[in-house]
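Taken in sequence, the protein lines are chains A and B.
No gaps in the numbering here: position 219 of the first sequence is 219 in UniProt numbering, and each next residue is one more.
No gaps in the numbering here: position 187 of the second sequence is 187 in UniProt numbering, and each next residue is one more.
Worth flagging that the hints you see were computed from the coordinates, not collected in a lab.
Check before you lean on any hint, since a few could be wrong.
Just so you know, same-sequence chains aren't split out, so a pair can sit in one copy or run between any two.
To be verified - Within a straight-line C-alpha distance of at most 27 Å, the following computed DSS-like cross-link-like pairs (lysine-lysine) qualify:
1. 143 with 41
2. 198 with 16
3. 75 with 42
4. 198 with 143
Since this is a predicted model, take the numbers as computed values, not measurements.
There are 2 protein chains.
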Amino acid sequence: MLLLMTLILSFARGEKIDLSYPYDENTAYWIPSEIPFRFIKKTADYDRGYWYAAYQFETAEHCGTHVDAPYHFNKLGWKVDEIPLDRLITTGVFLNASSETNGNCSFKLSIKELEKWESQNGPFPNNSILLISFGWASRYNNKTEYLGPSSDKLCFPGLSKEAAEWITKSKKIVGVGLDTPSIDQGLNNEAHIELNSKNLYMLENVAITHPLPNRNFTICSLPIKIRGGTGGPCRIVAII
Amino acid sequence: MLLLMTLILSFARGEKIDLSYPYDENTAYWIPSEIPFRFIKKTADYDRGYWYAAYQFETAEHCGTHVDAPYHFNKLGWKVDEIPLDRLITTGVFLNASSETNGNCSFKLSIKELEKWESQNGPFPNNSILLISFGWASRYNNKTEYLGPSSDKLCFPGLSKEAAEWITKSKKIVGVGLDTPSIDQGLNNEAHIELNSKNLYMLENVAITHPLPNRNFTICSLPIKIRGGTGGPCRIVAII
Numbered sequence: 001m002l003l004l005m006t007l008i009l010s011f012a013r014g015e016k017i018d019l020s021y022p023y024d025e026n027t028a029y030w031i032p033s034e035i036p037f038r039f040i041k042k043t044a045d046y047d048r049g050y051w052y053a054a055y056q057f058e059t060a061e062h063c064g065t066h067v068d069a070p071y072h073f074n075k076l077g078w079k080v081d082e083i084p085l086d087r088l089i090t091t092g093v094f095l096n097a098s099s100e101t102n103g104n105c106s107f108k109l110s111i112k113e114l115e116k117w118e119s120q121n122g123p124f125p126n127n128s129i130l131l132i133s134f135g136w137a138s139r140y141n142n143k144t145e146y147l148g149p150s151s152d153k154l155c156f157p158g159l160s161k162e163a164a165e166w167i168t169k170s171k172k173i174v175g176v177g178l179d180t181p182s183i184d185q186g187l188n189n190e191a192h193i194e195l196n197s198k199n200l201y202m203l204e205n206v207a208i209t210h211p212l213p214n215r216n217f218t219i220c221s222l223p224i225k226i227r228g229g230t231g232g233p234c235r236i237v238a239i240i
Numbered sequence: 001m002l003l004l005m006t007l008i009l010s011f012a013r014g015e016k017i018d019l020s021y022p023y024d025e026n027t028a029y030w031i032p033s034e035i036p037f038r039f040i041k042k043t044a045d046y047d048r049g050y051w052y053a054a055y056q057f058e059t060a061e062h063c064g065t066h067v068d069a070p071y072h073f074n075k076l077g078w079k080v081d082e083i084p085l086d087r088l089i090t091t092g093v094f095l096n097a098s099s100e101t102n103g104n105c106s107f108k109l110s111i112k113e114l115e116k117w118e119s120q121n122g123p124f125p126n127n128s129i130l131l132i133s134f135g136w137a138s139r140y141n142n143k144t145e146y147l148g149p150s151s152d153k154l155c156f157p158g159l160s161k162e163a164a165e166w167i168t169k170s171k172k173i174v175g176v177g178l179d180t181p182s183i184d185q186g187l188n189n190e191a192h193i194e195l196n197s198k199n200l201y202m203l204e205n206v207a208i209t210h211p212l213p214n215r216n217f218t219i220c221s222l223p224i225k226i227r228g229g230t231g232g233p234c235r236i237v238a239i240i
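Required output: the full structure, derived from the provided sequences and hints.
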């Protein structure tokens, strides 16, 4: 019991890195079909004799730093409120593909980079969340650089179909997050379909603004618990 | 390093208890002045040749299981995106006031119950989140029992002004959560003002459906990161 107490207290003291972008009028969202975050009403004043502020908002589930539940592309997959907590708070691993991407918005991560990670770091841990950086977070504040020139010409890196299949076949990774607007390159959907079909979830628009350790950290990725939701805003914290 | 790895992996394996209610049309919200959670649009079909589902929603920040940022009642307090992560993922303590409340919606927690907790469990830990049960979660699905008969006759237990002052003076507790719609009893606001004035946050509508350990657990309380928000939907997980 004393050991458990020590473990828990040590965890709570670990360095915490926020991997979530704030929601405001500049938050990235899926422009081909969705709506942006927007305050509907803002009440903020001293009218009651004391300060009181309370707002209301609307947003797409798939806006900002968010989770794609397996249900997003798989009618039989978990909805956002059904994803087990053991898959949301678990071991993190980090693959930095910034050099390989080299600013190319058509880049697709291949099996080669996944195998290279394992050769350098050992096998992916069981029940882990894989975070991938394409060096795209530095573009977040310029939506043309981040998303592409227009809604029918989206361009940013993503996973190849083969890499998505390699991940699901490994049976070690429960969720994949990346510093781009989508798990797929541009307007593709093959990685979405493959990962969701095996009940894996995705984390999109993850604010990986600095490299993380390759392994040996924890991720808390806690989405808003929308009953039956296809995804939703998600706060993601790495604990190093 | 090996020790740290062990600590982190042990944490990730701890039992996780979801203390968050789902968002749907029955979610409790602050009926005197706010709007409920509502889907604006639901797209779900095979029209593209594969399953695709993506929804949009609107809600009050102060709806369902949510955080009251210090800014809610304190113009100089932290907004929801400014609350330090070290205060959101930290040590939890639990005070079960169900017996003292005994179903009385006018009950206010007093200093006596706080002192009794310390006499039984030792001093409140530094930087801790205090969760309080009034035995109110069992009423959640009956909104008249949970909230009171009407929006101008709200009745549920809460903190007394004296208890709120005792908490802020202790300087050990960074946030207070409870299984009722508000930190204050009914339509009062004195506990809100006191806690927010000292940059403490509140967690409201916490789904404490079963007793927690009195101490020695971790809470991850991760709100949606609304820039400048007065609060917001929050996923709360206890890790035992």
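The hints, checked one at a time:
| no. | hint | in the structure |
| --- | --- | --- |
| 1 | 143 with 41 | both (26 Å within a copy, 25 Å between copies) |
| 2 | 198 with 16 | between (30 Å within a copy, 23 Å between copies) |
| 3 | 75 with 42 | between (37 Å within a copy, 14 Å between copies) |
| 4 | 198 with 143 | neither (31 Å within a copy, 38 Å between copies) |
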